[in-house]
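Q: Protein chains in written order, with this note's numbering: chain G, 1 to 275; chain P, 1001 to 1294.
No lab work stands behind these hints: they were computed from the structure. Hints are not guaranteed to be accurate.
Far from chain G, some chain P residues (derived; all Cβ distances over 12 angstroms) [as the list claims (entries may be wrong)]:
1) Asp1004
2) Ala1015
3) Leu1078
4) Leu1101
5) Gln1127
6) Pro1206
7) Ile1244
The list that follows gives simulated cross-link-like pairs (lysine-lysine, DSSO-like), each with its CA atoms no further than 30 angstroms apart [said to hold, decoys possible]:
8) Lys1046(P) to Lys1235(P)
9) Lys162(G) to Lys1046(P)
10) Lys126(G) to Lys1235(P)
11) Lys126(G) to Lys219(G)
12) Lys162(G) to Lys1235(P)
Every residue, glycine too, gets a C-beta built ideally from N, C-alpha and C.
These are the residues of each chain, in order.
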Amino acid sequence: MKQTRSTRIGLMLLQLLLALLVLLPFFWMFSVSLKPPAEPFAIPARLWPDNPTIDNYITAFRPEFRTYFFNSLVVSLSTVVISVTLGLLAAYSFTRAQLGVISALVGLVVLAQMFPHSAIIIPIYKMMRSANLLNTYWSLILAYVSVTLPVAIWMLRGFLLKLPAALEESAAIDGATPLRVFWDIVVPLSRPGLIATSVYVLIVTWQEFLFALSFTSTKEMRTLPVGLNDFIGQYGIRYGELMASSVMVSLPVMAVFFFLQRYFVAGITAGAVKG
Amino acid sequence: MRQDRRLHWLLLAPALLLMAVMLYYPMLGTVYESFHETSFLNPDPKFAGLALYRRVLADGTFIEVLVNSIVWTLGVVLLQNILGFLTALLLNQNLPMQGTLRAIVLLPFILPGVVAAILWRFMYDPQLGLVNSLLLQIGLIENSVAWLADSRIAMASVIIAAVWKGFPFSMLIYLAALQNVDRSQIEAATLDGAGPVRRLVDVTLPAIRDVVVVNIVLTMILTFNYFDIIWVLTKGGPQSATHIFPTKIYETGFGQFRFGEAATYGVFSILVLAVLVALYAIVQGGANRRRAAA
Chain G
1 MKQTRSTRIG LMLLQLLLAL LVLLPFFWMF SVSLKPPAEP FAIPARLWPD NPTIDNYITA
61 FRPEFRTYFF NSLVVSLSTV VISVTLGLLA AYSFTRAQLG VISALVGLVV LAQMFPHSAI
121 IIPIYKMMRS ANLLNTYWSL ILAYVSVTLP VAIWMLRGFL LKLPAALEES AAIDGATPLR
181 VFWDIVVPLS RPGLIATSVY VLIVTWQEFL FALSFTSTKE MRTLPVGLND FIGQYGIRYG
241 ELMASSVMVS LPVMAVFFFL QRYFVAGITA GAVKG
Chain P
1001 MRQDRRLHWL LLAPALLLMA VMLYYPMLGT VYESFHETSF LNPDPKFAGL ALYRRVLADG
1061 TFIEVLVNSI VWTLGVVLLQ NILGFLTALL LNQNLPMQGT LRAIVLLPFI LPGVVAAILW
1121 RFMYDPQLGL VNSLLLQIGL IENSVAWLAD SRIAMASVII AAVWKGFPFS MLIYLAALQN
1181 VDRSQIEAAT LDGAGPVRRL VDVTLPAIRD VVVVNIVLTM ILTFNYFDII WVLTKGGPQS
1241 ATHIFPTKIY ETGFGQFRFG EAATYGVFSI LVLAVLVALY AIVQGGANRR RAAA
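Chain G on its own, in the form it takes in the complex:
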């Protein structure tokens, strides 16, 4: 396709406008986080502080914040490991077992992806309460593994369907047991799928809000999204600290995304476009 010079310039300007639209809120978040706490807000708003400082970050990185951060880390990483492991096992069965019953169950996995968390939260809350799991990591890990599993299975199933069957078949002919085939051939070959799914589960879990809000009530057990939401009330309009906290909450997932973007994008779009 040939584009005239002026069309190209027009399109590039449009791109610039798009980038600005997306980046402006981010830029402002960052700029306010660097504003000295004592410097009043300029009206109209100034885009960059006169004397940028990291004071807000130092204040915001208080003990509570560190607790929330640690809790988020424990819950998110556990969820990623468990959900992706169980997801791969299930996806392997779904793609390799030649059994009508098992293929029929795939529909239940797809359906479960669409369940409204708010509508099922009350029975889950009551289960957690009877099991004495409220205000524990397990309540969140169990809930997060359950809600991410359907998507994890679905994404990994898409990857496994594309693996060439020949390798597994020849290994089986050579006498390898199904478990050997799974461990020595399927797992290494699924690496891109495992990475993509892990990133997806991490992004979803790191920001999960509804379950964390309902299942944890003590400061010791809250995760970052809930803790951050609590800060709104506590900080009043100390937006500098609020924005510094927001930046610190976002950085870990942004970093993971930055390094593993390629896998993540492939994983998200594979199912949507090819089915």
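Knowing the structure of chain G, use the given hints to seat chain P on it.
A: Relative to the frame of chain G, chain P by itself:
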């Protein structure tokens, strides 16, 4: 073979068990809860028959929540898909720096929902917020606007924040679909003298029609269920101007400890979703058949 079969069930068991206990059973549990009343003072559930349904339906808030949910879902989905599609077209033009730009556009999607909501709450702040400040400077508004506190515009404000957060997802799907379109067909149309608009309407759109339809229904389901943005921005307020099913369920259940009524709202939201899921099954089924036939 027999052993294989047992192995496959064994591998499936943990996942199936978890989904059964934590997703399917609570789905039925919500229906059960909706027939039982609890309150802060009487936390033990008492059978109430259809009383909670009558109470919820008789309360004017129910209609408001239903209408809000529809406005919110359609508003977000429409804007998010249009913006996502236009962005995908723009990022599919072989211009320099498109990889970088795609990464930039994806940032709001990666940003945790609560952070996005807090950021927009700040942007919408009547005195200190960037939105009023910019609009006043350009002269588009004459006085500060209370974006989230004015019940006439609060819904539009939360929709815009949600679209900013959600359109990268639609963009990603559409970009992948556009990159899958057969190049030779587009070139053939170009040789026949078709301009960019003609090519879009005659070649590209028919080729990605299924992806568009499926993606629209999928984002409807996700948006209808989305809780974080509205809860952090307005908690469903002012009054009930931005209450949708998820926020109303949470507030009734965990704010007022009226689990029965919350579950009743839950059942209604499941009914709405059932319609959307049926729609999804129909469009996805149609898409699969066409792909198999092609």
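Q: With reference to the structure, classify each hint as holding or not holding.
A: Here is what the structure says about each hint:
1. Asp1004: 6 angstroms, violated
2. Ala1015: Since the minimum Cβ distance to chain G is about 4 angstroms, Ala1015(P) lies within 12 angstroms and the statement is violated.
3. Leu1078: 18 angstroms, holds
4. Leu1101: Nearest chain G Cβ is 6 angstroms from Leu1101(P), so the label is violated.
5. Gln1127: 7 angstroms, violated
6. Pro1206: Holds, because the least Cβ-Cβ distance between Pro1206(P) and chain G comes to about 16 angstroms, which exceeds 12 angstroms.
7. Ile1244: 9 angstroms, violated
8. Lys1046(P) to Lys1235(P): With a Cα-Cα distance of about 29 angstroms, the restraint between Lys1046(P) and Lys1235(P) holds, given a limit of 30 angstroms.
9. Lys162(G) to Lys1046(P): Cα-Cα ~53 angstroms, so violated.
10. Lys126(G) to Lys1235(P): Roughly 23 angstroms separates the two Cα atoms, so the pair holds.
11. Lys126(G) to Lys219(G): 21 angstroms, holds
12. Lys162(G) to Lys1235(P): This hinted pair is violated, its Cα atoms lying about 45 angstroms apart.
In summary, the numbered hints that this structure violates are 1, 2, 4, 5, 7, 9 and 12.
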